[in-house]
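Letter by letter, the sequence shown follows residues 1 to 298 in our numbering.
Just so you know, the hints here were simulated from the structure itself, not pulled from any lab data. Heads up, some of the hints might be wrong.
Computed Cβ-Cβ distance ranges for the label pairs, DEER-style [as the list claims (entries may be wrong)]:
| hint | residue 1 | residue 2 | range |
| --- | --- | --- | --- |
| 1 | Arg175 | Gly251 | 17 to 27 Å |
| 2 | Leu261 | Leu171 | 40 to 50 Å |
| 3 | Gln57 | Asp278 | 16 to 26 Å |
| 4 | Glu121 | Trp155 | 45 to 55 Å |
| 5 | Glu194 | Ala51 | 27 to 37 Å |
| 6 | Lys157 | Ala61 | 34 to 44 Å |
| 7 | Ser285 | Met156 | 27 to 37 Å |
| 8 | Pro172 | Ala61 | 53 to 63 Å |
| 9 | Arg174 | Arg118 | 37 to 47 Å |
| 10 | His282 | Arg174 | 21 to 31 Å |
| 11 | Leu261 | Trp155 | 29 to 39 Å |
List of simulated lysine-lysine pairs, DSS-like, C-alpha gap at most 30 Å [as the list claims (entries may be wrong)]:
| hint | residue 1 | residue 2 |
| --- | --- | --- |
| 12 | Lys214 | Lys265 |
| 13 | Lys214 | Lys24 |
| 14 | Lys157 | Lys13 |
| 15 | Lys245 | Lys265 |
| 16 | Lys95 | Lys135 |
Owing to the predicted nature of the structure, the values given are computational and were not obtained by experimental measurement. The C-beta atom is built at its ideal place from N, Cα and C for all residues, glycine as well.
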Amino acid sequence: MLLCGTNRNVKTKMKVAHLILTHKQPRQLERLIQALDYPGADFFIHVDRKADITPFQYLFAKPNVFMVQKRTPIYWAAYGTIQAILNGFAEILPKQYNYINVMSGQDFPLKPAGEFFRFLEENNGQEFITARPLKEEWPDALSRVYNYHLVNVHWMKKGKHRLEQLMNAVLPRRRFPLNYTLAGGPNWFTVTSEAAAFIIDVLELRPDIARYFKYCWGADEFIFASILYNSAFRERLRECLLFCKWLPGNGHAEILTTNDLEEMKASGKFFARKFDTDTDNHIFSVLEELIGSKRQIA
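Construct the complete structure from the given sequences, taking the supplied hints into account.
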């Protein structure tokens with residue numbers, strides 16, 4: 001099965017790199033790529049290093065789909081997601097795109113790709129990443145950044161949570177190495193290449209920032225937002241373009257189905273997550289019809 005674009009005669013000056021993090025369901029990823037395909041769009045796929053790359057190889061036959069060469073293992077709420085995004089940035093930035101759109105392989109668009117490109121052209125220079133100051137707008141997340149979390153200690157199978165409790169009981173509260181207002185939001189975002197390059201520069205200049213976030217829980221929801229919020233980019237920050245429903249109390253995204261269609265449409269967002277073909281395969285056909293995406297089989 002090959003991917004065939006349906007908008008190849010359209011002309012645009014905008015160049016967008018879709019950076020997609022995935023670990024399973026290559027056929028679902030194929031439908032995502034097909035729905036997003038548009039002149040000026042390229043796809044950089046980071047496959048979790050723990051996953052077998054073989055089932056994904058056929059996707060890279062398409063000329064605008066590339067594999068992120070430097071793969072890293074990803075564990076839930078750990079630093080691997082951040083590293084995968086940074087690895088993607090490093091491979092994308094030399095190719096000079098206007099925007100980098102960071103997604104999961106379980107996302108899907110709610111609007112046509114052409115409408116997304118027109119939106120970026122009309123709002124060129126703005127950064128679509130939610131950055132809520134934690135103390136004022138997200139106080140429930142403060143313990144995730146100021147307490148010790150050992151999510152990156154993968155070799156420790158037993159006693160990890162007990163050790164965390166002991167560390168947080170006897171050690172002083174953690175202090176961020178810079179005079180930052182910590183901010184956060186969903187870790188899926190659309191930013192200019194200028195902002196992505198700035199993030200890489202900051203982390204290279206201050207490796208203590210990465211060290212700090214490696215002992216946070218779900219640091220991908222804070223590190224990029226905090227760096228941009230505490231910079232000249234703050235005035236350019238806008239809400240992210242993704243719709244998501246969170247399961248109460250456990251930090252997981254709810255799997256969306258056809259029952260959520262009207263809520264998704266009413267959100268006005270360009271993308272939604274999280275979808276799973278094993279839970280509701282029909283929702284993909286519904287969304288493809290909504291946005292005018294057609295799968296073509298060769």
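How the hints compare with the structure:
no., hint, result
1, Arg175 / Gly251: 17 to 27 Å, "24 Å, holds"
2, Leu261 / Leu171: 40 to 50 Å, "48 Å, holds"
3, Gln57 / Asp278: 16 to 26 Å, "22 Å, holds"
4, Glu121 / Trp155: 45 to 55 Å, "48 Å, holds"
5, Glu194 / Ala51: 27 to 37 Å, "32 Å, holds"
6, Lys157 / Ala61: 34 to 44 Å, "40 Å, holds"
7, Ser285 / Met156: 27 to 37 Å, "44 Å, violated"
8, Pro172 / Ala61: 53 to 63 Å, "54 Å, holds"
9, Arg174 / Arg118: 37 to 47 Å, "44 Å, holds"
10, His282 / Arg174: 21 to 31 Å, "46 Å, violated"
11, Leu261 / Trp155: 29 to 39 Å, "43 Å, violated"
12, Lys214 / Lys265, "36 Å, violated"
13, Lys214 / Lys24, "25 Å, holds"
14, Lys157 / Lys13, "51 Å, violated"
15, Lys245 / Lys265, "13 Å, holds"
16, Lys95 / Lys135, "38 Å, violated"
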